[in-house]
Amino acid sequence: MKDELRHEQLSMGAKVIGVAALRGYMSGELAHLNIAISIGVDRRLNEDTLSQLMKLQKRAVRFLKSRGYRTLAIPPDSDRQKGTFISKLYSLFTHKMAATSAGIGWIGKNGLLISPDYGPRLSLVTVLTDAPLEPDWPMERSLCGDCTLCVQYCPSQAITGAEWSRSSPFVELVKLSVCRSHKATKRATDGKPNCGLCINICPYGRRESDSQNAEEKKPALKRCY
Amino acid sequence: MATEEKKKELLEKLKNAVIQYDEDTAKEAANEVLSVGMEPNDAIFNGLVSGMVEVGRMFEAQEYFVPELLMCADALYAGLDILKPHVTQLDLGVKGSVVIGTVEGDVHDIGKNIVKMMFDVAGFTVYDLGRDVPLDKFVQEQLRTDSDLVCLSAMMTTTMTGMKKVIDDLRTKNPNVKIMIGGAPVSQDVAEKYGADGYAKDATNALKDAINMVASLKKMKDEVEAKKKK
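Just so you know, the sequences run in chain order A and B. In the working numbering, each residue carries its 1-based index in the first sequence increased by 90. In the working numbering, each residue carries its 1-based index in the second sequence increased by 6.
FYI, nobody ran anything at the bench for these hints, they're computed from the structure. Keep in mind it's a predicted model, so treat the numbers as computed, not measured. In this text, a Cβ means the ideal position worked out from N, Cα and C, and glycines have one as well. Please note that the accuracy of each hint is not assured.
Unchecked claim - From the structure, some residues in chain A lie toward chain B, with a derived Cβ separation under 10 Å:
| hint | residue |
| --- | --- |
| 1 | E119 |
| 2 | L120 |
| 3 | R160 |
| 4 | L218 |
Claimed, not checked - SDA-like cross-link-like pairs, simulated, lysine to any residue; straight-line CA separation at most 20 Å:
| hint | chain 1 | residue 1 | chain 2 | residue 2 |
| --- | --- | --- | --- | --- |
| 5 | A | K178 | B | K234 |
| 6 | A | K172 | B | V113 |
| 7 | A | K155 | B | V72 |
| 8 | A | K178 | B | D134 |
| 9 | B | K90 | B | K171 |
| 10 | A | K155 | B | K171 |
| 11 | A | K178 | B | M162 |
| 12 | A | K155 | B | E29 |
| 13 | A | K172 | B | N180 |
| 14 | B | K143 | B | N182 |
| 15 | A | K178 | B | K171 |
| 16 | B | K225 | B | P181 |
| 17 | A | K145 | B | K33 |
| 18 | A | K178 | A | Y115 |
| 19 | A | K265 | A | P245 |
| 20 | B | K171 | B | G129 |
| 21 | A | K105 | A | M91 |
| 22 | A | K186 | A | L140 |
| 23 | A | K148 | B | N22 |
| 24 | A | K273 | A | S258 |
| 25 | B | K170 | B | N180 |
Stated by the list, open to error - Taking beta-carbon pairs under 10 Å as the criterion, some of the chain A residues facing chain B (in silico):
| hint | residue |
| --- | --- |
| 26 | G114 |
| 27 | G118 |
| 28 | H122 |
Just need the whole structure built from these sequences, with the hints factored in.
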């Protein structure tokens, strides 16, 4: 069943998909939905990532429901979904938690999910379910290594440089208030707060065309692994 | 006009959309109801609501848990939003108005919202005060709107005591008003001790009780007026 789901998702444009077993880690309301499916697509400018993710998510929900399993789909922009009953429960579970538990990546120094292939350039969606899917190995610690590019390039010095690991999940990686107040001063062309340097600079998954520096950074990157 | 068969099919579709918490299907079926010229009232009560009744049963039997219940309620609203503007008249035998809210200090409003939904569906006029509502506000709002019913919700034992104050105030200002309370720490005992007229452990029961209460209230009023005439 898992392979079938994986193939369907990948053929529809998902870049990564993983399954996390979360028995014993879910808060009470969600305790019976202890399998999380994390689906990611790579984020490109000028493409409607959101609608693509919603499409993938709906497909996954159909897939599981038609086989008689329960689902709780957490939308990609769960923080902006208000006004429905279920939106109150979205905050009980995070996309990043699902992704690291499903082995898709780790939490980088910049506080974002880093995948070995796509770096911090993934957008995620989560489907919780009770379907008995075989879980993937969770990611236990950060693979950022000695790299501190995001720490150096952050214009607001919000990144502390601490490293994430599953055993110490509450270390402050990014001073969020500092990041936010900096972001508020920068506007993208659509008028929304914007920065994203820590995404752009991350050598993981960076495309050659992004920068000529990428080639130089790569050897260091290989050592990190 | 739609054939009986088509009607049955659509009612079943609406019902299952709610049970299967499938918002898209609920919307689709609701639009179909309108396009085939079916009575929206029928679709709401024999489709959406009968789905929710089944969900309530499954919740009680612990087949469904809180997330499913919430998603089912969302599916019901998705259909209701489409159908409601086309409803010409709702007839449950009784109509009433209700002031509803979660008491001061308490921000838990999921249960309150589900009860509110049932009142909405039943065609009550609902004055929703939201959550963390100052205790005086309930009394003011009841007097302003002359509602038949006041519903109080509390999810914590610490905020539950606020309900007693509201009930006492309401009783002195307006002895006729009916008061219902609900929430996790509330029980029949608490309801009696606080002097509430009703206590409901879930939304379906709340609605049934509410309809009974409003009916008895209306009857009382009628009797009083009949006596005056004599």
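To see whether the hints hold, each was checked on the structure:
no. : hint            : result
1   : E119            : holds (5 Å)
2   : L120            : holds (6 Å)
3   : R160            : holds (7 Å)
4   : L218            : holds (8 Å)
5   : A:K178 / B:K234 : violated (51 Å)
6   : A:K172 / B:V113 : holds (16 Å)
7   : A:K155 / B:V72  : holds (18 Å)
8   : A:K178 / B:D134 : holds (18 Å)
9   : B:K90 / B:K171  : violated (36 Å)
10  : A:K155 / B:K171 : violated (47 Å)
11  : A:K178 / B:M162 : holds (18 Å)
12  : A:K155 / B:E29  : holds (13 Å)
13  : A:K172 / B:N180 : violated (36 Å)
14  : B:K143 / B:N182 : holds (18 Å)
15  : A:K178 / B:K171 : violated (29 Å)
16  : B:K225 / B:P181 : holds (15 Å)
17  : A:K145 / B:K33  : holds (17 Å)
18  : A:K178 / A:Y115 : holds (19 Å)
19  : A:K265 / A:P245 : holds (13 Å)
20  : B:K171 / B:G129 : violated (29 Å)
21  : A:K105 / A:M91  : holds (19 Å)
22  : A:K186 / A:L140 : holds (16 Å)
23  : A:K148 / B:N22  : holds (18 Å)
24  : A:K273 / A:S258 : violated (28 Å)
25  : B:K170 / B:N180 : holds (15 Å)
26  : G114            : violated (16 Å)
27  : G118            : holds (8 Å)
28  : H122            : holds (6 Å)
Hints 5, 9, 10, 13, 15, 20, 24 and 26, counting from the list given before, are not met by this structure.
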